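Let's have the full structure, built from the sequences with the hints guiding it.
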Amino acid sequence: MEYPIYRAMHRAAQLSILSAAISCSASVLANQNESIFGAAYHPVESVAAEQSQVVFFRGADQGTQGANVYVDRELQGALMPGGYTVFCIPAGEHTLESYIGDEPLYEGKLNPRASAVFEGGKTYFLEVPVNPKSSTPVVQARQSAERQLQSLRLQRHVINRASAVVPCETETRLSLRSDVLFHFGKSGYSDITDVGHAELRKIAEAIKSQHVESVEVGGHADPIGSVQSNQRLSEARAQTVKSVLLQLGVGTEAIRAVGYGSSEPVVQCDGGSRNDRINCNAPNRRVDLLIRGKRSDT
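Numbered according to mature numbering (1 follows the signal peptide of the UniProt record, and there is no 0), the sequence shown spans residues -30 to -1, 1 to 268.
It should be emphasised that the hints constitute simulated quantities derived from the structure, not laboratory data. Among the clues, some could well be false.
Label pairs and their in silico Cβ distance ranges [stated by the list, open to error]: (1) Ala168 with Glu15: 19 to 29 Å; (2) Gln198 with Ala9: 25 to 35 Å; (3) Ser199 with Pro60: 38 to 48 Å; (4) Arg244 with Gln198: 14 to 24 Å; (5) Ser104 with Ser133: 54 to 64 Å; (6) His181 with Ser160: 26 to 36 Å; (7) Ala168 with Pro60: 33 to 43 Å; (8) Arg244 with Asp161: 19 to 29 Å; (9) Leu216 with Ser16: 44 to 54 Å; (10) Ile248 with Ile129: 52 to 62 Å; (11) Ser160 with Ser243: 48 to 58 Å.
Quantities reported herein were computed from a predicted structural model and do not represent experimental measurements. Positions of the beta carbon are idealized from the N, C-alpha and C atoms, including for glycine.
This is how it looks when you write it as structure tokens:
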């Protein structure tokens, strides 16, 4: 399924003198062999709210020229048939196009045809258009794109010269039910359940396998009880989870614990008996983890 996000440029860009030859041109890439490709595709992680993530891919067509990929008139790389690349840009409006055989004028650098607004925290799957006369990528839904990506491979020899391209900051959110982590109404280390310890061990191992820059442990309480007691309980649970993660070898100095009290409920539970409200509010009693880092393969 395709999604229209591009709009035509209102005016053509003025031509300017190319300051340097594009060393990673399509003609060079066309002569390279299988060594330009790396690993098969694996699903990308979520990206931070300030960035947009782009998975740009090209099907295994019969072409011999690379598809020059431009970001804001600067070369990001040249995709050969059967290859894909992943990169991130700041959220906002950008020109992001691909041209096959646009030498020697390098039209994508000098005269881009369309732009699009890329929303923060989103991943866009863009396919090189089959028609060589078209420069606007085909925007695909994730499910459809990932079916095609299963047969494609990461293109390793991509020399990025686009200044708008930045390292991808990954963002993973996990939510743990406090009723699973702790005995009801408790918050200390000795109050963690066996299941809770097992879950925290799994999370610690996952964090240690990533390039993590920061971890926020956010405690949340249900609205039953006073505001003050809910705040204390949420803070205590967050601190306990933080301590456990540190003990398990999560060595980032950027880990911090925050208590949100009952200020951020995910369900509303009005009326009913106290037991009904306790059961209904179970999702509100939780510890959320926000894990941010940089992906190493881009």
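Q.
For each hint given before, does the structure comply? Return the numbers of the non-compliant ones in rising order.
A. Violated hints (numbers, rising): 2, 5, 9 and 11; every other hint is consistent with the structure.
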